[in-house]
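K.L.:
Given the sequences, and given the hints that come with them, work out the whole structure.
These protein sequences, in sequence, are chains P and V.
If you read the first sequence in our numbering, its first letter stands for residue 60, the second for the next number, and so on.
If you read the second sequence in our numbering, its first letter stands for residue 748, the second for the next number, and so on.
Please keep in mind that the hints were generated in silico from the structure rather than gathered at the bench.
The beta-carbon is built from N, C-alpha and C at its ideal position, and this holds for glycine as well.
One or more hints might be untrue.
[As the list claims (entries may be wrong)] Take a look, some chain V residues computed to stay more than 12 Å from chain P by CB distance: (1) V757; (2) T782; (3) K910; (4) E946; (5) V958; (6) A1121; (7) L1157; (8) L1161; (9) L1166; (10) L1201; (11) T1239.
[Stated by the list, open to error] Listed next, the stretches of chain V that the computed footprint assigns to chain P, with coverage defined by at least 3 CB atoms under 8 Å from CB atoms of chain P: (12) 886 to 894; (13) 898 to 908; (14) 913 to 927.
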Amino acid sequence: MTLLTKLLNNYPYVAAVILFFLGAVTILTKSNLFKKLIGISILQSGIFLIFIAAGNIRGGIAPLLSESPIHEGLPYINPLPSALILTGIVVSVSVTAFALALVVRLYKIYGTTDAVKISEMISEMSNNDSYTG
Amino acid sequence: MTAIQGNLPVFIIIAPLFVGFIFPTIAKKQKLLDTILLGTEALFLVLAVIMAASVLTGESTPYLMGGWSAPWGIQLVADDLAAFFALVVAVVSFPVVLYASGHTLEEEVGGPLRRARFFTLLFLLVGALAGIAFTHDMFNVFVLVEVVTISCCGLVSASRRSKAVFAAFDYLILVTLASVFILAGIGFIYIVTGHLNMEFAHQVLMNNWLVYPHVVWLAFSFLLVGFGLKSALFPLHVWLPDAHGEAPSPASAVLSGLAVKGYIVCLIKFLFVVMGIDLIKAYMINTLLFGLGMVAILAGAVLALNQTQLKRRLAFSTVSQIGYFYLGLGLLNVTGLAGTLFYLASHALTKACLFLCSGVLIEATGKHSIKDLAGVGKKMPITMGIFTVASLSLVGIPLFSGFVGKWNILLGCLQEGSLLLGCGVVTAGSILCGAYMFPIIRIAFFEPAPEQDLHDPGIKKLAALGLLALAIVVLGVFPGPLLELAQRAAETLLAQL
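P.N.:
Given below as structure tokens:
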């Protein structure tokens, strides 16, 4: 019973683990390149959630100097993880953009976005030095 | 002068990063682009040499970004390891850029704009690697690792060969996965310690790792898998042959020579600075690294034997050589670790040289297969001669730099008392390395020469290859200063309390 309460009390971490595995399974099992990218995004969200949850305090306030009496005595949350994850999100967006550009180029070359079909085509024309623009 | 010297670590990092973005704007002006390219690289090399010299004579100093002191601000530390790796990056990247300047890349990469973008990515990679050398902040490591990763993928996809696009995509998926693992590892360390600065995290970790043994274990598992995947440790190497084999030759040279080493340096920092010897021993990570290294050496070499294409054989050879680094990291004594660091430098030079030579050979013959190289040594004696020098260094023949590194790793194995396993595997790896490198040389020199009209490349490419070969021989005969730097770096890393 204690385990269940622990899990319920730390539900962001549980959600993070679920997202992590959801993403991992998507990357491994789907052969569509877009779905692989979606999987990576989900997986990254899971890790971001761990960071954010670690910095958060329930009932805490943003670490700004405030004179309002409502905020008195309340704990500050740690802003550092949120700031770091902002960087992490920027990185993940740029990786996704780059990967999508590669998918577009792959589609132009092979006419499909299926990883299995593309690798079949590549092994068929192996050692054949084809150049594209 | 003092303003520059005092801020040397920052200058070394930002010089390539800033200049890199100029290239696409001056893509059409070939001469100007080449001048800026080589000028910046030369400046980078000079700064790195000054840095290494001042670290060798003086004390290492932490550099505080923006004047904020350590737990709050971001720290760059110019210590022995940092100066050592920055020097390696500079010495290897200069000949590669020299090789790639001019019209060389037209066939492999494309027109002026694509070539200019190629150099932007190359400079991003070099700047980020220099950053990895100096940084002492865990989140900085993540950001720099991401920069290295994306520019590596860009360099692979810069090739006009259609297979390269899929190789780059595969590479991107796997290394992004690895980045997420690294971020998770850093996150767990931050959760346990509350610090992102490596020194401070280490101190807190020493106090409270017994309170959260499983979280610490989880954090370092994530980091180990992440960096293992990025540096192509054997079972996680699947992306490497495609990516390094399909990339344009100068890109293969930096990818195999430098990028992979950058991840190893990151791992060294996490293991020895953040974790420290006691924790490594408590979690038995040294045994794990030693074992994984042995498997990688043998498996990579056996896989390399099966390859029929020149660049793919060299790529699998990298998988095998990566094993030496992991084996050396598992030794935990000064000789072994210094040998590992020295071998890291040696392998960077050697593999860059081999990939550039293979680029020359492929460009001249137009063929990728090893059996098509029959007799090219008679038509292109200088190129094949340099290829031979680099191969001898890769195998570990005395008088070449690879020998010094492997010898010290062997001595480290002996100090650990691992005569049969450690020394046996290191030697077997060398013998297998000879078995896959020497046939190439035999085919090139002792088979009848082809009808094709072949000759050695122009003076610039020969100079680039010659510089690398010269560095290999000089380091093999006089390893002195670099070995001393490596030894001092190893001592500082192992002396952590």
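K.L.:
Now look at each hint and say whether the structure bears it out.
P.N.:
Taking the hints in turn, this is what the structure says about them:
1. With a least beta-carbon separation of about 19 Å from chain P, V/V757 lies farther than 12 Å from that chain, consistent with its non-interface assignment.
2. The claim that V/T782 is not at the interface with chain P holds, since no C-beta of that chain comes within 12 Å of its own (minimum 29 Å).
3. Residue-level check failed: V/K910 sits 6 Å from the nearest beta carbon of chain P, not beyond 12 Å.
4. No beta-carbon of chain P comes within 12 Å of the beta-carbon of V/E946; the shortest separation is about 17 Å.
5. At the 12 Å boundary, the C-beta of V/V958 stays outside the reach of chain P, the nearest C-beta of that chain being 16 Å off.
6. The beta carbon of V/A1121 sits about 17 Å from the closest Cβ of chain P, which is more than 12 Å, so the claim that it is off the interface holds.
7. Once the 12 Å rule is applied to beta carbons, V/L1157 is consistent with being away from chain P; the minimum gap is 39 Å.
8. Against chain P, the non-interface label of V/L1161 holds: every CB pair exceeds 12 Å, the least being about 42 Å.
9. The claim that V/L1166 is not at the interface with chain P holds, since no C-beta of that chain comes within 12 Å of its own (minimum 42 Å).
10. The claim that V/L1201 is not at the interface with chain P holds, since no C-beta of that chain comes within 12 Å of its own (minimum 18 Å).
11. The beta carbon of V/T1239 is kept farther than 12 Å from every beta carbon of chain P, the shortest such distance being approximately 28 Å.
12. A stretch counts as covered by a chain when three or more of its residues have a beta carbon under 8 Å from one of that chain; for the region 886 to 894 of chain V and chain P the count is 4, and the coverage holds.
13. Requiring three or more residues with a Cβ within less than 8 Å of a Cβ of chain P, the coverage given for the region 898 to 908 of chain V holds, as 5 such residues are present.
14. Closer than 8 Å: that is the beta-carbon criterion, and the region 913 to 927 of chain V has 9 residues meeting it against chain P, so the requirement of 3 holds.
The earlier numbered hint that this structure contradicts is number 3, and it is the only one.
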